[in-house]
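Q: Each chain, written out:
There are 2 protein chains.
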Amino acid sequence: MRPLAIGAGLSTKVNANLGTSPDFPDLNDELRKLDAAVTMGADTVMDLSTGGDLDEIRRAIREQCPVTLGTVPIYQAAIEAGERFDDITRMSPDQIFEVIERHAQDGVDFMTLHCGVTRWSLEELDRAPRVCGIVSRGGSMLARWMQVNDAENPLYEQFDRLLDILDNYGVAASLGDGLRPGAVADANDPGQIAEMRVQGELVAAARQRGVQVFVEGPGHMPINQISGMVALHKQLCQNAPLYVLGPLVTDVSPGYDHISAAIGGTLCAAAGADYLCYVTAAEHIGLPDEEDVARGVVICRLAAHAADLAKGVPGAAQWDTEMSQARFNLDWERMAELALDPGIVHKRRGDRVTLDPQACSMCGKFCSIKLELARQAAATGDE
Amino acid sequence: MRPLAIGAGLSTKVNANLGTSPDFPDLNDELRKLDAAVTMGADTVMDLSTGGDLDEIRRAIREQCPVTLGTVPIYQAAIEAGERFDDITRMSPDQIFEVIERHAQDGVDFMTLHCGVTRWSLEELDRAPRVCGIVSRGGSMLARWMQVNDAENPLYEQFDRLLDILDNYGVAASLGDGLRPGAVADANDPGQIAEMRVQGELVAAARQRGVQVFVEGPGHMPINQISGMVALHKQLCQNAPLYVLGPLVTDVSPGYDHISAAIGGTLCAAAGADYLCYVTAAEHIGLPDEEDVARGVVICRLAAHAADLAKGVPGAAQWDTEMSQARFNLDWERMAELALDPGIVHKRRGDRVTLDPQACSMCGKFCSIKLELARQAAATGDE
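Protein chains in written order, with the working numbering: chain A, 1 to 383; chain B, 1 to 383.
Hints in this document: simulated from the structure, not taken from any laboratory. Careful: at least some of the hints might be erroneous.
[Said to hold, decoys possible] Here are the simulated lysine to any residue pairs, SDA-like style, with alpha carbons at most 25 Å apart:
#	chain 1	residue 1	chain 2	residue 2
1	B	365	A	147
2	A	365	A	325
3	A	365	B	365
Required output: the full structure, derived from the provided sequences and hints.
A: Below you can see the structure in the form of structure tokens.
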């Protein structure tokens with residue numbers, strides 16, 4: 001398996017979410033998506049399966065996955081309680097920790113753990129009613145469980161027990177954002193900020209135990225709030241690596257949320273976020289297919305790279321300059337080679353055949369580069 | 001024709017470029033693209049045709065176009081010189097002005113005029129060699145013409161003559177960015193800044209004559225340079241409305257440049273740009289097709305709206321809140337209605353049928369909204 005480092009001074013990393021759902025529980029679909037994600041350059045993948053035989057699916061994905069793999073064990077704990085008792089809120093803390101250990105034993109590299117959904121952070125959340133309430137699947141499962149059982153979140157209350165497992169198996173903790181805003185109107189509200197504070201407290205505890213830890217961020221957020229949010233998150237969490245889902249910069253773009261997320265993700269990463277979770281074009285509508293996954297990864301890499309240019313990550317600018325040199329040389333093979341997605345360059349060029357193989361079908365013989373090369377040649381000749 | 005206002009305090013507007021090329025000169029293709037652009041919500045379109053009978057194409061587009069229409073007359077002037085003399089640099093200033101008047105007579109609403117490519121701005125450009133030189137088609141035509149003819153740009157030298165025509169026909173001037181950077185390494189270089197200064201000089205002259213004027217901006221630019229560039233452009237051009245093409249935030253994304261441009265466009269508009277020119281997925285590879293145009297318009301509207309949220313344009317946030325309310329109500333019809341592109345929501349939902357018509361195929365029965373509704377109902381019941 002490829003080693004991976006995430007954090008300050010490094011290039012921004014990209015995650016692709018995979019996983020079955022109750023409506024689409026086919027393992028083979030997910031293995032195809034895994035291949036697509038890795039081929040297109042995902043640094044990590046997460047298995048978020050909620051349909052079919054979850055142990056079998058996770059093990060098959062682990063087997064085939066050459067990159068860092070993450071999971072969200074609370075889904076499986078809730079689903080198994082649902083199967084056993086027909087009520088997901090009847091999962092016991094012991095069952096939750098048992099599932100977490102099962103994932104660790106299977107060689108999962110990191111887990112999303114919604115430890116920041118606590119009695120206090122939920123009080124803060126409910127202080128200022130939201131348009132969209134809790135939109136995190138894990139967060140809403142735990143919040144409902146806490147209400148029905150009138151109990152504190154076991155992932156928070158027994159954080160030391162959690163760290164024992166993570167430490168024992170060398171698994172990194174990704175402190176989930178169960179209270180992330182799911183509407184731009186809900187961004188940076190008391191619930192979100194309260195959860196950040198809890199994350200910060202737990203980052204300190206994890207570090208004391210030597211357990212690797214990073215924190216998850218939103219969500220939905222208008223662009224003028226992003227850099228402030230990143231700065232606050234970094235401050236409250238002692239500069240732990242920040243892993244963001246999006247954020248989507250508007251709520252009105254279903255079908256185009258991968259693009260909304262690329263805008264938000266670029267800004268987040270430029271402001272200091274270290275790791276971007278892709279969003280696919282299926283977001284808010286349904287489960288992504290293989291094509292959505294492939295495109296989602298490329299687009300998220302675009303966002304990460306655009307941020308790396310702004311961050312001044314070593315080597316980032318050189319890539320662009322090489323591409324632009326190839327472009328100015330009208331060297332189409334080299335342009336495709338250097339592209340984020342070489343396949344699409346070949347395909348689009350094949351679809352639009354030109355009379356002049358050096359030019360493109362946009363300008364043809366009125367190619368600005370050819371005119372400019374003539375101008376530069378004449379200028380040099382004059383000297 | 002629909003009236004349109006562009007500028008400070010208003011929503012960010014979106015333009016779609018259409019037009020034939022030497023390789024694809026079919027008028028009917030362009031009329032279909034025009035319909036697609038207008039249907040998807042373009043505020044304006046530009047006819048950039050360079051193939052086929054240019055007068056016929058422009059008149060047919062004008063006839064069918066219900067929105068503001070722009071053109072770039074220098075293309076036709078160069079192409080007609082090419083046809084007559086087999087050398088585009090043999091166009092005379094009189095021919096250029098004759099073509100401009102022809103476009104004005106045909107009812108074009110605004111024209112891109114590369115007046116800022118002057119002897120001085122070209123000297124500034126050549127002071128710091130670029131990776132990609134001049135990438136503007138109009139800019140490279142004029143720069144080469146100036147070199148071959150050892151003459152000043154007639155659009156600059158005879159700017160009063162140009163204003164006479166614009167004033168006479170009520171056409172707005174879009175001062176082109178012939179020296180825009182075409183590589184992130186070239187951004188904010190002496191050539192680009194010099195052209196901004198010339199644009200500013202001409203904004204003042206146009207305003208003195210009562211001719212409506214706006215200015216065009218880049219291009220390619222890393223995101224950390226965007227807000228400074230917008231502020232400088234606004235300052236040098238006396239706050240004339242700023243019309244930007246992209247900017248693309250990296251050079252390495254052919255096939256995904258519409259997304260790169262959405263990232264740059266959002267940042268530009270949030271920083272004060274007033275008007276975004278879409279970029280399609282075909283950018284840097286070839287001529288866009290109808291699907292590229294439709295998608296390009298939606299994505300550019302996404303960028304414009306994301307910026308409007310940040311700018312606090314009246315009504316912008318309300319749209320998002322209504323969408324998120326529909327989402328929290330699991331009201332799929334209303335979500336589609338409010339979406340930037342309703343068609344894609346219906347299509348994607350149809351492609352992924354779910355067992356529970358209220359839920360989506362991502363979460364099915366593990367829908368976070370249903371859990372959250374249960375939690376909120378129970379909390380209210382407790383009170």
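Q: Decide, hint by hint, whether the structure agrees.
A: Structure-based check of each hint:
1. Between residue 365(B) and residue 147(A) the alpha-carbon distance is near 19 Å, which keeps this suggested pair within the 25 Å criterion.
2. For the proposed pair residue 365(A) and residue 325(A), the alpha carbon gap of about 20 Å is at most 25 Å, so the pair holds.
3. Restraint check for residue 365(A) and residue 365(B): not satisfied, since their Cα atoms lie roughly 58 Å apart, outside the 25 Å limit.
Hint 3 from the list above is the single one not met by this structure.
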